[in-house]
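Student: Here is how the chains run, residue by residue.
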Amino acid sequence: MNDGAVAESLRRIEALIDALDNLPDPRARQPARALLELVLDLHGLALARVMALAAGEAAPLVARLADDPQVRPVLLLHGLHPDEAETRVRNAVEALRSPLAARGVTVLSVQAGASRARLHLLPADPAGLDAEGVRGEIEAALVDAAPELEEINILGLDGVGAESTSAMAGVTE
Amino acid sequence: MIARGNWVRKLCRFVGAEEREHCDLCGAVIPASHAHLIEVARRRLLCACAACAETAGAAYRRVPLEAHALPGLDLSDAEWDALGIPIGLAFFVHSTPDGGPVALYPSPAGAMQSMLSLEGWNDIVARNPVLATLEPDVEALLINRTDGRREYFRAPIDHCFALTGLIRRHWQGLAGGSEVWQAASHFFDALRTGEMRHG
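If you read the sequences in order, they're chains A and B. Just so you know, the first sequence maps onto residues 5 to 177 in the working numbering. Just so you know, the second sequence maps onto residues 96 to 294 in the working numbering.
FYI, nobody ran anything at the bench for these hints, they're computed from the structure. From the three backbone atoms N, C-alpha and C, an ideal C-beta is built for every residue, glycine too. One thing to keep in mind: the hints can contain errors.
Quick list of the computed label-pair ranges, beta carbon to beta carbon [what the hints assert, rightly or not]: (1) A:A19 <-> B:M210: 17 to 23 Å; (2) A:P64 <-> B:R115: 44 to 50 Å; (3) A:A19 <-> B:G122: 30 to 36 Å; (4) A:L20 <-> B:S209: 39 to 45 Å; (5) B:V124 <-> A:A105: 37 to 43 Å; (6) B:D242 <-> A:L42: 34 to 40 Å; (7) A:Q115 <-> B:M96: 17 to 23 Å; (8) B:V124 <-> A:E41: 20 to 26 Å; (9) B:L269 <-> A:V10: 17 to 23 Å; (10) A:H47 <-> B:A145: 38 to 44 Å.
Covered by chain B, per the in silico footprint, the following chain A stretches (three or more residues, Cβ under 8 Å) [to be verified]: (11) 112-126; (12) 138-147; (13) 150-162.
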C-alpha cells in the first residue's frame, strides 16, 4: 500500500462512518460498532506490545515507526504515537510559519490540547487575503498531524477577529 | 466541529457511541425493547417507557406485541380487486378518528389511505369474525399478496408502519425494483417465524 492508498483508506473510513451514522435503523449500526470495537481492541493491544518491545530495544526504532507513513496513522488511532497531540499540533504550526509568512500572515499564538487547537493569526492585509484558503490549509495540516482533534479555532482571519487579534497583539507587545 | 480529516476522532466517537432511545412522553431513556403507543387522533406512533405506557390517558392506545397468522381467512380475488389496492400489500384497521375501517398500503411516499367500501368490508368481516376482534387503531389485518402469495396476519400497527418504512426506503423507479420486494419478503419471513423484534 503506497502513501496515496493510505490517505484514500482514511478518507474511506470517514465516509463509511458517515454512512453508518446515517442508517435509519439503530439496530443495523450495532453489529458494525461491536465488530469494529473488537477488531480495534485486538490490533490496539498487539500494537501496544510491539511498541513496548521496540522501546526496549532502541529509541530510534520508535521514532522510525512513528514517522512511517503506513504505521503512523494506526499508532495515532490507538493513542500509541510517542508524541502527544499537543506536541504534534505545535510542530505542525511551526512548519506552517514560513509558508504563512510568505502570504503575509503571522502566527501570534498557539494553544493546543488533546482534542482542541486554537490559533491567533495576524494578517498584514486582511482585505486582500484568501481567508478560507488559509483556514483550509491550516485545518488540513493540523488534522493530518492530529486526526483526533475535535475542534480547531482560527482567530484573526475575518475582519472582526483581525481587529480584536490586532488589539490583543498590541497589548502583548 | 471539523468537517474533514479528523478520522481518528470520528472513528472513536462512532465506536464509543451508545444508541439511546427516549420515551416520547416523558423523555426518559428507554431500553431497545419498549412499549409503543398510538396517539389515536393523529395516528402517530410513540415510544414509551413502562410508566408512561401504563398511565397514558385515553388519547393513547398501547400497541400489542405479537403478530399472528390468519391462515383460514376467507377473501376472494374478486373481493381483493374490488378493494382497489394498487400493490400486493395492505393493512386494514378500525380507525377511531375516521369512525370506521380504513385501508392503508405502503408506497414510496409512505402509507397511503384508500377508500374502503363499507358494504364490501362488512361482508368480509361477516365471513371472518376474527376481524371484528381486532383492537381499534392498534391492530390491523395485514395482507400480503406479493409473489402470488395469499397471506393474512393479525398484526400490531407498529409492524405495519415498519413495513411501510421498509418499502419507502428500498423503493426504486416506477415498479419498486427487486430490492424492495426482497426487503418485503424478509419482513414476512420474520413475521411468520415470530422473529419480528419489537422496539
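Student: Just pull the numbers of the violated hints for me, sorted ascending.
Tutor: Per hint list: 1, 5, 9 and 11 violated.
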